[in-house]
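Q: Sequence:
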Amino acid sequence: MKKLLCAAVLATGAVLSAAAPALAADAGTTSVRETRMFSATAQNTTPGGAITSASNFAFSQAVSAGFLRSQCYLHSSSVRPSSIIGIWYATANVFCQR
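Under this note's numbering, residues 1 to 98 are what the sequence shown spells out, in order.
Check before you lean on any hint, since a few could be wrong.
[To be verified] Simulated restraints, written as ranges between beta carbons of each label pair:
hint, residue 1, residue 2, range
1, Ala65, Thr45, 26 to 32 Å
2, Val32, Ser82, 41 to 47 Å
3, Tyr73, Val32, 16 to 22 Å
These are calculated hints, taken from the structure and not from any lab test. From a predicted model like this one, the values you see are computed outputs, not experimental measurements. By construction, the Cβ of each residue, glycine as well, lies at the ideal position given by its N, Cα and C atoms.
Assemble the whole structure, with the sequences as input and the hints as a guide.
A: So this is what it looks like as structure tokens:
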């Protein structure tokens, strides 16, 4: 009985010790990605100028938060006319991931 119990303990120990490095290797490959969305609104006299201004402002918010500009891209934008003739409002959304 003692021999059987000893053999079972040794076999269990061998299985657990062999599995431990594999679990540690899997745990090391897991990474967490940080993602954020930055939104900004701007106005300009042209629709394209309003979008450019809003996106530049959103990118500057992302850089101020510690993201590299290369980690971000313009996700979406929209433009609409103002009630004042010749003025356009734009909203830009910048998505960042690191």
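Q: Next, verify each hint and record whether it holds.
A: Now the hints, each set against the structure:
1. At roughly 30 Å, the beta-carbon separation of Ala65 and Thr45 lies within the given 26 to 32 Å, and the hint holds.
2. At roughly 42 Å, the beta carbons of Val32 and Ser82 sit within the given window of 41 to 47 Å.
3. Remark: the range hint 16 to 22 Å for Tyr73 to Val32 is upheld by a beta-carbon distance near 20 Å.
In this structure, none of the earlier numbered hints is contradicted; all agree with it.
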